[in-house]
Amino acid sequence: MALLQISEPGQTPDPHQRRIAVGIDLGTTHSLVASVRNGVAECLPDAQGRVILPSVVRYGVDAAGAVTREIGFDALAAQVDDPKNTIASVKRLMGRGLQDIASRAQLPYELVDKPGMVAVQTAAGEKSPVEVSAEILATLRYRAEDTFNDDIFGAVITVPAYFDDAQRQATKDAAQLAGINVLRLINEPTAAAIAYGLDNGSEGVYAIYDLGGGTFDISILRLSQGVFEVVATGGDSALGGDDYDRALADWVLAKAGVTADTLTPGDKAALLQAARACKEALSATDSVAFAVRLARANIHFEMQAADFETATASLTQRTLTAARKALRDARLGKEDVQGVVLVGGATRMPQVRRAVASLFGREPLTNLNPDEVVALGAAVSAHQLAGNQSGSELLLLDVIPLSLGIETMGGLVERIVPRNQTIPTAMAQDFTTYQDGQTALALHVVQGERDLVADCRSLARFELRGIPPMAAGAARIRVTFTVDADGLLSVSAKEQGSGVEARIDVKPSYGLSDDDIARMLQESFSTAQQDMQARALAEAQVDADRMLLATQSALAADADLLLPEERQEIDRLMTALAGTRRQGDAAQIEAAVKALAEGTENFAAQRMNRGIRQALAGKNIATV
Amino acid sequence: MPSLQSNDFELFDVPVRFAQDSALLDARWKELQREAHPDKFVAQGAAAQRVAMQWSVRINEAYQRLKNPLKRAMYLCELHGAPIEAESNTAMPPDFLVQQMQWREALEEADGLDSLEEIAGQALSSKREQLSKIEQLLDDAKDFPAAARQVRGLMFIERFGAEVDARIDSLGQ
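Just so you know, the protein sequences line up as chains A and B, in that order.
Take 1 as the starting number for the first sequence in the working numbering and just add one per residue.
Take 625 as the starting number for the second sequence in the working numbering and just add one per residue.
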């Protein structure tokens with residue numbers, strides 16, 4: 001007779017039988033959320049049945065002085081009437097300083113130069129791009145929670161492969177602000193490859209050409225038996241469909257003899273909207289009317305596809321140059337490429353399709369909706385990361401898109417992690433002191449391919465202090481760069497003789513401090529209506545359940561690795577955590593979770609060793 | 625039993641020698657990452673994540689070294705007590721400096737893609753030659769100090785090859 005399992009009171013054996021995990025494509029023009037339901041990834045629609053959420057947020061102040069927000073289609077509709085408070089394409093501002101934004105003159109809103117990252121001046125005050133992105137993410141989170149009528153365990157959020165550390169960190173901060181547990185940041189082209197790879201059962205080398213609203217990515221991937229190995233990646237994080245709109249608008253202005261400095265903010269927004277509509281129409285027809293009413297002039301013009309192609313040829317050319325470079329980095333020729341996947345709404349432009357087909361000598365694959373494919377792939381990844389799928393069919397081996405280095409004498413960059421290195425990775429380089437008796441070393445961390453610090457992106461500065469005074473050149477300081485699976489960097493420095501250490505999670509230059517995040521959380525719409533304390537408790541309890549469940553399943557599998565006293569200690573910590581969880585004090589639960597996590601660290605290491613050993617043993621049998 | 629301290633060859637369970645089956649290394653890399661990658665342990669708490677990250681980093685490091693013939697040769701020399709010490713030890717194979725100077729002159733005079741590609745071709749065949757000498761010294765003669773000398777020469781060829789590639793790249797843009 002089968003025995004029924006009886007769990008301890010308050011300690012269900014599996015609090016989340018199926019964890020709800022979503023994939024979010026946080027796009028320049030629009031964003032989507034998708035999830036795996038009944039084994040199939042699908043985009044989740046809003047109450048009106050629309051899967052796309054325009055990445056547009058409008059801020060305002062109501063009669064009572066309270067901040068108001070509109071997000072998505074409502075905000076999009078207000079763009080021309082209220083351009084200064086309606087923020088679109090905020091992704092282009094993520095992790096960027098004012099001087100980084102090439103097209104700032106054409107943006108209808110007012111940017112404020114802030115240390116680290118620009119902000120937008122709105123009727124509701126200064127808004128950081130991270131806050132604006134968080135509004136979009138929170139909207140998608142609510143959509144998913146409404147769909148499933150349950151909390152979301154976590155999300156995979158996609159970023160352009162070419163995003164640097166500052167941009168990735170900003171994206172992760174936005175998710176945190178929106179109350180989302182980030183399972184992983186994955187690269188958009190990789191997500192697209194997952195959606196395609198699983199659908200088509202493909203093997204071999206694939207090129208993913210991803211031209212979105214504001215970013216361009218090219219990735220070369222090798223697919224084999226569920227392994228998605230990124231061989232090389234390249235692109236331009238400031239080139240996308242928006243630039244085609246602008247080029248078209250500029251071309252029309254020049255043709256009409258209107259100079260840009262006579263345009264009002266409303267004119268700018270209206271022009272860009274007309275340009276986008278015209279661009280989209282030209283994907284289906286050879287000629288279309290371009291009509292826009294400006295403050296001082298009316299423009300009416302018959303736009304030809306051929307003219308549009310000429311006006312944007314240099315943009316298309318930039319994408320092809322990046323694609324060739326990625327192939328060279330991969331040490332592959334175009335004949336090695338088995339298929340080319342088009343991603344992003346901007347790849348609907350016929351001139352782009354023709355250019356890609358002629359570069360690779362083959363027609364690109366387009367059988368999945370280019371707007372949805374990234375979110376779908378992210379959903380598949382999220383489903384698996386959340387542990388809903390037994391056996392790990394998917395393995396993503398991604399690379400770092402841009403080299404990482406340290407400033408040395410004369411403003412030169414010493415490269416420590418070269419681009420296209422598979423992550424996670426840790427690489428070290430030894431440095432020494434410059435002067436006799438030097439006791440501190442200032443480290444400046446940069447990202448980019450150029451040799452001069454001035455041409456690279458500054459990521460962080462920190463200091464190693466307390467080096468024992470020695471002759472110049474005698475100290476041996478090892479600087480280690482560690483890049484995790486999300487592509488995020490931490491740096492540590494250690495003087496080898498004395499053991500003096502310093503460490504930094506790279507955030508300061510462009511990121512937000514924990515205080516900033518706490519402040520924004522306070523102000524945020526996403527959480528203002530909720531009782532913060534209740535929320536903290538619920539989160540701590542979910543953490544506790546997760547930790548208990550993980551430890552139980554680890555014990556079920558590998559308890560034999562433990563000595564009796566080690567097992568006793570883990571059991572004690574689990575009982576303590578289960579007891580604390582029932583008492584309902586968030587801080588105490590967190591402390592008990594931490595204690596269990598620390599108490600099982602050694603066990604986790606042993607289990608990992610066993611996993612590797614088994615992998616090798618399995619392989620040895622297979623080769624005999 | 626492999627540990628984080630195992631050498632690259634033990635970790636990948638391949639023979640400790642220069643000659644390696646590249647497809648086997650690829651396959652082994654993916655197998656090991658399947659077991660150790662942090663993604664496999666997302667739902668299992670921070671401790672498991674940290675350990676998985678260490679393993680995953682270690683596996684990638686070993687793979688990069690095993691996969692690249694120059695790095696593999698350097699590593700074998702070090703394992704056998706003949707470190708390369710490129711900064712302090714400049715002992716080179718004979719005839720080497722003369723050839724280097726000839727190449728540098730040719731590179732300076734090169735004015736087009738054709739001449740650059742010809743130089744790149746020479747560097748490549750010289751690299752292959754050097755690698756087969758290194759393989760012989762490491763795997764057959766087991767003369768590690770001699771292999772280390774050849775490796776130092778190979779480092780120069782690689783650096784030169786990279787410079788030629790950079791010139792070709794700059795023409796392509």
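Keep in mind that the hints were calculated from the coordinates and are not lab data.
From the three backbone atoms N, C-alpha and C, an ideal C-beta is built for every residue, glycine too.
Among the clues, some could well be false.
Said to hold, decoys possible - Restraint ranges, calculated between C-beta atoms of paired labels, are given here:
| no. | chain 1 | residue 1 | chain 2 | residue 2 | range |
| --- | --- | --- | --- | --- | --- |
| 1 | A | Gln48 | B | Arg791 | 52 to 62 Å |
| 2 | B | Asn631 | A | Thr310 | 55 to 65 Å |
| 3 | B | Val640 | A | Met409 | 20 to 30 Å |
| 4 | B | Ser794 | A | Ala557 | 37 to 47 Å |
| 5 | B | Glu782 | A | Ala428 | 30 to 40 Å |
| 6 | B | Gln644 | A | Thr310 | 14 to 24 Å |
| 7 | B | Asp789 | A | Thr439 | 13 to 23 Å |
| 8 | A | Ala557 | B | Asp789 | 41 to 51 Å |
Which numbered hints are broken by the structure, listed smallest first?
-> Checked against the structure, the hints that fail are numbers 3, 4, 5, 6 and 7, while the rest are satisfied.
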